Amino acid sequence: GFEALIDGVTDTEIGAVITASAIRAGSEAMTGGPFVTAGERTFMAHSSWVGEPIRCGDIVNMEMACVVSQYNVPCFRVAVIGQPSAELEAFHAASEKGLTAALERIEPGMTSHEADSLVRSVIGATGMGDYFVVRAAYGIGLAFGPGWGEDNVMSIRPGDSRVLEPGMCFHVVPALYKAGFGAVCCSMPVVVGEKGLEPLVDLEAKLVVR
Numbered sequence: 003g004f005e006a007l008i009d010g011v012t013d014t015e016i017g018a019v020i021t022a023s024a025i026r027a028g029s030e031a032m033t034g035g036p037f038v039t040a041g042e043r044t045f046m047a048h049s050s051w052v053g054e055p056i057r058c059g060d061i062v063n064m065e066m067a068c069v070v071s072q073y074n075v076p077c078f079r080v081a082v083i084g085q086p087s088a089e090l091e092a093f094h095a096a097s098e099k100g101l102t103a104a105l106e107r108i109e110p111g112m113t114s115h116e117a118d119s120l121v122r123s124v125i126g127a128t129g130m131g132d133y134f135v136v137r138a139a140y141g142i143g144l145a146f147g148p149g150w151g152e153d154n155v156m157s158i159r160p161g162d163s164r165v166l167e168p169g170m171c172f173h174v175v176p177a178l179y180k181a182g183f184g185a186v187c188c189s190m191p192v193v194v195g196e197k198g199l200e201p202l203v204d205l206e207a208k209l210v211v212r
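For the sequence shown, the tail end lands on 212 under my numbering, and the numbers increase by one without skipping.
FYI, nobody ran anything at the bench for these hints, they're computed from the structure. Just so you know, these numbers come straight off a predicted model, no measurement behind them. Honestly, I wouldn't trust all of these hints.
Result set (SDA-like, lysine to any residue): computed pairs, CA atoms no more than 25 Å apart in a straight line [what the hints assert, rightly or not]:
| # | residue 1 | residue 2 |
| --- | --- | --- |
| 1 | K180 | P110 |
| 2 | K180 | D204 |
| 3 | K99 | Q85 |
| 4 | K197 | P86 |
| 5 | K180 | S123 |
| 6 | K180 | K208 |
| 7 | K197 | F146 |
| 8 | K197 | E109 |
| 9 | K99 | P110 |
| 10 | K99 | G131 |
| 11 | K99 | T12 |
| 12 | K180 | T102 |
| 13 | K208 | C58 |
| 14 | K208 | A181 |
| 15 | K99 | G41 |
| 16 | K208 | S163 |
| 17 | K180 | E91 |
| 18 | K180 | S29 |
| 19 | K99 | V19 |
| 20 | K99 | Y179 |
| 21 | K208 | R137 |
| 22 | K99 | D204 |
What follows is a list of derived Cβ distance ranges for each label pair [stated by the list, open to error]:
| # | residue 1 | residue 2 | range |
| --- | --- | --- | --- |
| 23 | R164 | R26 | 37 to 45 Å |
| 24 | V70 | G111 | 28 to 36 Å |
| 25 | A88 | E109 | 29 to 37 Å |
No residue lacks a Cβ here, since even glycine has one placed at the ideal position from N, Cα and C.
Produce the entire structure from the sequences given, and follow the hints as far as they go.
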């Protein structure tokens, strides 16, 4: 998907590229998405392609969950063609800091609330706290359409006293939403290990600049 990003390519074409690539790499039929959207439309969570051309400077969101044996592993990345705006860089840096804090400091034995507060405080310290309007992570695993999340099973969210245990899997989503601007999220699917969170993909959580 990143390689296919050139000025004027449509969001539909990017959706076709990432879907076909995932299937050829071994993904089963997906239980939701993929989601590809650009510009201010990214503010609408889980919006996807509409055949619009992507232009230099547009925020480009790509999120998909590949499936093997009905297990779903989602990942969300942000890209831009050309020089990113200072606002996009600031939003992405804040989301990235939230993700880094989660990966470095969340560990088994924490409550869901404690883990969420850790991510929330780091993003808040960047001045972007008002835009972090979602929970820090939601459960993933076996899933069937229309979605891939296990939010009803376990999430990392404010006010939740349940305890994180080794073997639990989550999609960490420090997503920031601003009307008139869009959405930015450095996400990571993880499994809770004996000492902390272990990433399930090796796709670096950086703003992709084409």
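Each hint tested on the structure:
1. With a C-alpha separation of about 32 Å, the suggested pairing of K180 with P110 is violated against the 25 Å cut-off.
2. Under the criterion of a C-alpha separation no larger than 25 Å, the hint pairing K180 with D204 is inconsistent with the structure, at around 28 Å.
3. For a cut-off of 25 Å, the pair hint linking K99 to Q85 stands: about 21 Å separates their Cα positions.
4. Proposed proximity of K197 and P86 is contradicted: the alpha carbons are some 36 Å apart, above 25 Å.
5. About 19 Å separates the Cα atoms of K180 and S123, which keeps this hinted pair within 25 Å; it holds.
6. Among the hinted pairs, K180 with K208 is consistent with the structure: their alpha-carbon atoms are about 20 Å apart, no more than 25 Å.
7. In summary, the hint linking K197 to F146 is not supported, as the alpha carbons are separated by about 30 Å, beyond the 25 Å threshold.
8. At most 25 Å may separate the alpha-carbon atoms for a hinted pair to count; K197 and E109 meet this at roughly 6 Å.
9. Taking the CA atoms of K99 and P110, the gap is near 20 Å; set against the 25 Å cutoff, the hint holds.
10. Of the pairs offered as hints, the one joining K99 and G131 holds, with about 12 Å between alpha carbons and a cut-off of 25 Å not exceeded.
11. Our distance criterion of 25 Å between C-alpha atoms is broken by K99 and T12, whose separation comes to about 30 Å.
12. About 22 Å separates the Cα atoms of K180 and T102, which keeps this hinted pair within 25 Å; it holds.
13. Between K208 and C58 the CA atoms are separated by roughly 18 Å; this keeps the pair inside 25 Å, and the hint holds.
14. For the hint linking K208 to A181, the alpha-carbon distance of about 23 Å falls within 25 Å, and the restraint holds.
15. Taking the CA atoms of K99 and G41, the gap is near 23 Å; set against the 25 Å cutoff, the hint holds.
16. Proposed proximity of K208 and S163 is contradicted: the alpha carbons are some 32 Å apart, above 25 Å.
17. For the suggested pair K180 and E91, the alpha carbons sit about 14 Å apart, so the restraint of at most 25 Å is met.
18. Between K180 and S29, the direct Cα distance comes to roughly 33 Å. Violation of the 25 Å bound is thereby established for this hinted pair.
19. Annotation: proposed proximity of K99 to V19 is violated, straight-line Cα distance about 29 Å (limit 25 Å).
20. Taking the CA atoms of K99 and Y179, the gap is about 16 Å. The hint holds against a cut of 25 Å.
21. Taking the CA atoms of K208 and R137, the gap is near 21 Å; set against the 25 Å cutoff, the hint holds.
22. Between K99 and D204 the alpha-carbon distance is near 17 Å, which keeps this suggested pair within the 25 Å criterion.
23. The beta-carbon spacing between R164 and R26, approximately 39 Å, falls within the hinted interval of 37 to 45 Å.
24. Evaluation of the 28 to 36 Å hint for V70 and G111 yields a pass: the beta carbon distance comes to about 30 Å.
25. At about 35 Å, the beta-carbon gap between A88 and E109 stays in the expected band of 29 to 37 Å.
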